[in-house]
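**Student:** So the chains spell out like this:
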Amino acid sequence: MKLYCLSSQPNAPCLVLTFKDCTVMLDCSLDMSSLMHFLPLPVVHSERLTKLPIWKPYEDKESCVGKELKDCGGHVFVDSSLEFCTPETGLLDLSTVDVILISNYHTMLALPFITEYTGFRGAIYATEPTLQTGRQLMEELVEYCERVPKLQPATKWKQPDIIKTLPSPLREAQNVPSWRKCYSKHDVNAALSKVRFAGYAERLNLYGALTMIPLSSGYCIGSCNWVIQSEYEKVTYISGSSLLTTHPLPMDTAPMKNSDVLVLTGLNQTPTYNPDSMLGEFCSNLAVTIKNGGNVLVPCCPSGVIYDLFECLSAFMDSAGLTQTPMYFISPVADSSLAYSQIFAEWLCISKQSKVYLPEPPFPHSELVKNGRLKHFPSIHGDFSNQFKTPCVVFTGHPSLRLGDAVHFMELWGKSSANTIIFTEPSFNYLDALAPYQPLAMKACYCPIDPTMNFTQANKLIKDLKPLHVVIPESYTSSPTMLPHRNDLVVETDPPPTPYRRAEVLPLPIRRRYEKIEITQELASTLTPTEVKAGVFVSTVNGALIVKDNKYMLQPLPKSQSAVPGKKRKREEEVVTKQPKHYVYGNLDIDEFVQNLAKNGITDVKVEDSPGGHIVHLQSEDTIIQIEDGSTHIFCEGNEALRVKLRDVLISCLPKF
Amino acid sequence: MAEIKVVPLDVGRSCILVSFGGKNIMLDCGMHMGYNDERRFPDFSYITRTGTLSEHLDCVIISHFHLDHCGALPYMSEMVGFDGPIYMTHPTKAICPILLEDYRKITVEKKGETNFFTSQMIKDCMKKVVVVNLHQTVQVDSELEIKAYYAGHVLGAALFRMKIGSQSVVYTGDYNMTPDRHLGSAWIDKCRPDLLITESTYATTIRDSKRCRERDFLKKVHECIEKGGKVLIPVFALGRAQELCILLETFWDRMNLKAPIYFSTGLTEKANHYYKLFITWTNQKIRETFVQRNMFEFRHIKPFDRAYSDNPGPMVVFATPGMLHGGLSLQLFKKWAPNEKNMVIMPGYCVAGTVGHKILNGQRKIELETRQIIDVKLSVQYMSFSAHADAKGIMQLIRQCEPKNVMLVHGEAKKMEFLKQKITQEFGIDCSMPANGETVSIPSQSNIAADISVNLLKRNAALAGLSSSLSTDPKKLCTLHGVLVMQDHGMKLIEPSQALKECNASEHEIRFTSTVSLPPVSMDALYKTLKQRFTGHTVQHTSDGSLVVDSVLIKTANESDEGTDVLVSWPYQDEELGSSLFSMLQSRFCKTEPQ
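Chains as they are written, first to last, in our numbering: chain U, 1 to 657; chain Z, 1 to 595.
In isolation and in its complexed conformation, chain U is listed as follows (with noise of 0.2 Å):
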């Protein structure tokens, strides 16, 4: 059993597992972190971003990589189209892996570059939400770099020679030569069309050798963990996870207790923030600035967190006298991401279960897009323009604010002190996502809300579950380099537990020893055990072993080969079955050996003591039998019908089985 690490990025994973022959991906997820060193995609043009000067390594020396690079008040920027990074390829042949297993719809949007370039053949197995929510995760990915005009890929600075010359961080930035540019609508659809739908706690088959359970995880529509298990070894793979109380449904860790091996990763991101107390940090930063006159921009991904947020801020809007402030949604998917949200009734806590039969839908937000305080728009063109109206709160994408209608508005409010960015999403880092659009006037709130288990909570689980060994994410096994003195979050477990790097394999201490076979009925009834230990009993057995399905079947072996019609074996061949039909154990008794000897007509013996037991000696037939503890010889002359009578008297006399 190997783990196979195409990625290092804890919160976004892309593993894979060989197991009993079956190679198993868990998680194809896209790092989005090398989207910090670009230059955001302007969706209206931006005099600012085109005025920027090209960076130059000296005042008076031409830089070698031409334009590709712009300085940004001392920060360096790649100005190109958007590249993310991809797993690693070359660890493996991407063709031989028989399934996918998605956690959640965070973790598959490496996806294409897998299913349509490497010659993948499998399948893939992703709960329904999971389906929907990450197809509308990379339509949206796929338009905001589509709607833009073509730039130019940019691929001299990332020469190994010249990019530890370019200054930081860009000199740091990982896995350079994994970056892609994105895919296309058509990938999406080729990949997407592989996917095959799986229930919580349904057991998929792989080929009889394994079974994969899904298991619902707690940390948005759909999400799950995944017990990977043949009859006696049981994987577990813990992606995010909550056991916060919001809409999905809870975490189920009952099934993974006791597992061989236990592959942890996407705990918090932001573990020293309280989601709760961000909340309150968010209210109360939103009304301050509506009150003012300014708006509030909240860039976000297009499902998950931003359910909760209409329902708590509408509530909260409402108590603060804000009602008439309008909320705008606008995204490519934000019409499929509220409409989708209120049909996953059954993946959601049982409080938004039970509304359904009412009937009612699960999410306030229908209810706020009916009387006009939640708007949603596909995108800041056409209808949104007329409707615009502020002060307002904006809902719109990305999170990493280098794409999306997010961009415009860092564009559009970002000069004015009045208006105030609230950053709710915990992926990027939020001076960093700021760094293109300084120096900036408008306020910056950092409110991180991620529903993920933290540390203290997954050392805890750990303890629960008592795995045998656990598999971490290089980086949990140290404070992060933010935090230094906090030596609290990292995982700790015992025995210690085994980390992970990009492009390493690791190989995984387990030794199967057990598989389960089926003993027919025939078969059974011809066996005839001995109580060799005291309720022990043994038998030896002979049957035709059958494989189907990676299922075995011992059966009854056919009766004689030779008998199978059609098929006549050439008569100069002998057929001896190679195996014994029993075993003989123990040492023989001598005197009753002789007796049943006599018993059988033979009695014209002459038993000798000899150095290591007896011999025996049967005179008229020039025959010995020379017998010690544990073994007896018996020397024949040619009569092999004797020979054959002595044999069944000497079996008659051994314990056997």
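You may find that some hints are simply not true.
Think about it this way: if two alpha-carbon atoms lie no more than 25 Å apart in a straight line, the pair counts; the simulated DSS-like pairs of lysine-lysine are [said to hold, decoys possible]:
(1) 355(U) / 128(Z)
(2) 257(U) / 163(Z)
(3) 105(Z) / 334(Z)
(4) 370(U) / 270(Z)
(5) 656(U) / 501(Z)
(6) 533(U) / 501(Z)
(7) 392(Z) / 422(Z)
(8) 123(Z) / 355(U)
(9) 533(U) / 492(Z)
(10) 548(U) / 163(Z)
(11) 555(Z) / 528(Z)
(12) 358(Z) / 392(Z)
(13) 656(U) / 492(Z)
(14) 163(Z) / 516(U)
(15) 377(Z) / 227(Z)
(16) 220(Z) / 302(Z)
(17) 20(U) / 458(Z)
(18) 302(Z) / 334(Z)
(19) 516(U) / 270(Z)
(20) 51(U) / 156(U)
(21) 70(U) / 158(U)
(22) 422(Z) / 355(U)
(23) 2(U) / 70(U)
(24) 516(U) / 501(Z)
The set of hints was computed from the structure by calculation and includes no laboratory data.
Starting from the known structure of chain U, fit chain Z onto it as the hints suggest.
**Tutor:** Frame of chain U; chain Z shown alone:
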């Protein structure tokens, strides 16, 4: 070994008791719509004579929300008394209590009947419901697990598989194998159950294509309203009604028709709401387009008001309930029946005893409970829109799941008999169709489960010259030799040496050495002969001039001009080879001088 026992508690409604692996499961708990006395509920005394229902039953499974499948549930759980789990899907849990309440109102409040369950009982009963998602494996207890599959009969309808150890039973409830305007078709995996219990309502009808039936329906409706007649379509609030609404809605659009279409209120609007919230349970087309246009928001279909029933001119009215056994549909029927311009279209199966069943059988005078006699002059049309599997569909499901036995329930005996023959012929499996209350025992032989050491498996694989996966050539016989050790109810197959070790026993080694006198022959010649004869074995020349065939040793003891004395020596483990080799040498080389 263990048998599977099935007792249908009644025909005309679904309520089946299945017992296997030491568990008792009740499949559906339906009400008989044709009776108005205690006979409408199943007779649970069959179970309760040996104790309470809770003691006897491990769980109840409800396949879908039709009352002939769930109508007796509150009676059973609250009046007879059952506290165990009741399993059903989400939509069934949402819709079932509404239909129960609706039916209760008609029976108790309108007809003034007593000895019927109350609203509170329906609520208490629903508290015992455990929701099952499609394909989720639900562990009822440590042994019994159940799994639901899509059935496509009505919103939320499911097929159920129950499994205990290696034995399993599939119960279909009602299902449909052809996707319709709002639902998809039933699907099940190749789960090879020991028994498939399938409905066979349309056992012999191979229904003509869906499109023809739809055209026929639209033509009849159109003709009737052209003549100024009124069309009554008795339906259940959920299910067929929505499909027919979608059908009429698009037809009215296309033909630009003006005649009003009404839908009896209350239940219906709510019903459409359920369809909107449970879109994931409808067919692919509706699911893919619901963001742009929700198919369950109708433009031409308006809520019905009782006052409209006397309006002049044509109209189409969908009214509940579906078998004309009460409520608005019966009221409208009474009013419209005497006019031959009008038409009633029965879009589904009707249980014997109901007015629907009577008029479908051609009865032209109907006597109601009030002794009132209705003259049936209007045109009576039957359209089999009920989403049941037809004979072809049933065969298809059997092919999908490959059961070892089939049992038919629901339907007319003669037709079922025909289907039964067809199943036995085509699949070569047993098929039964039990009468009411008759116990059917299905013998089922199950294999014995054991553990096998991976080392033993791998060694056998290596011996057979196969790769580690063992599955290279399915036709080649792969023999397995091992030792079965039984201890503390556990069984494992291990290597002989390990078995001896575990039992603290050491093998008693037996060796045979026999002498045979051969005519002068070189070891090389002997080698060639043996190599030819024992192709399946390794024949080797050793350095000291002896021959080895597997573990059998052949050695020259005495060589002279007259002949060679050869020693053949083998361990007991290779007895068969040793003795046959020895006999071969004896018979082949000593033919001239027989012993």
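**Student:** Does each hint hold? Answer for all of them.
**Tutor:** Against the structure, the hints come out as follows:
1. 355(U) / 128(Z): holds (18 Å)
2. 257(U) / 163(Z): Since the Cα atoms of residue 257(U) and residue 163(Z) sit roughly 23 Å apart, the hinted pair holds (cutoff 25 Å).
3. 105(Z) / 334(Z): holds (20 Å)
4. 370(U) / 270(Z): With a Cα-Cα distance of about 18 Å, the restraint between residue 370(U) and residue 270(Z) holds, given a limit of 25 Å.
5. 656(U) / 501(Z): holds (14 Å)
6. 533(U) / 501(Z): holds (12 Å)
7. 392(Z) / 422(Z): holds (11 Å)
8. 123(Z) / 355(U): Distance of about 16 Å is within 25 Å: holds.
9. 533(U) / 492(Z): This hinted pair holds, its Cα atoms lying about 15 Å apart.
10. 548(U) / 163(Z): Distance ~20 Å between residue 548(U) and residue 163(Z) Cα, so the pair holds.
11. 555(Z) / 528(Z): With Cα atoms ~15 Å apart, residue 555(Z) and residue 528(Z) stay inside 25 Å; holds.
12. 358(Z) / 392(Z): Roughly 28 Å separates the two Cα atoms, so the pair is violated.
13. 656(U) / 492(Z): holds (18 Å)
14. 163(Z) / 516(U): holds (18 Å)
15. 377(Z) / 227(Z): holds (15 Å)
16. 220(Z) / 302(Z): holds (21 Å)
17. 20(U) / 458(Z): The hint holds at about 13 Å.
18. 302(Z) / 334(Z): holds (22 Å)
19. 516(U) / 270(Z): violated (51 Å)
20. 51(U) / 156(U): It holds: about 21 Å lies between the C-alpha atoms, which stays within 25 Å.
21. 70(U) / 158(U): The hint holds at about 15 Å.
22. 422(Z) / 355(U): This hinted pair is violated, its Cα atoms lying about 47 Å apart.
23. 2(U) / 70(U): The hint is violated at about 44 Å.
24. 516(U) / 501(Z): holds (22 Å)
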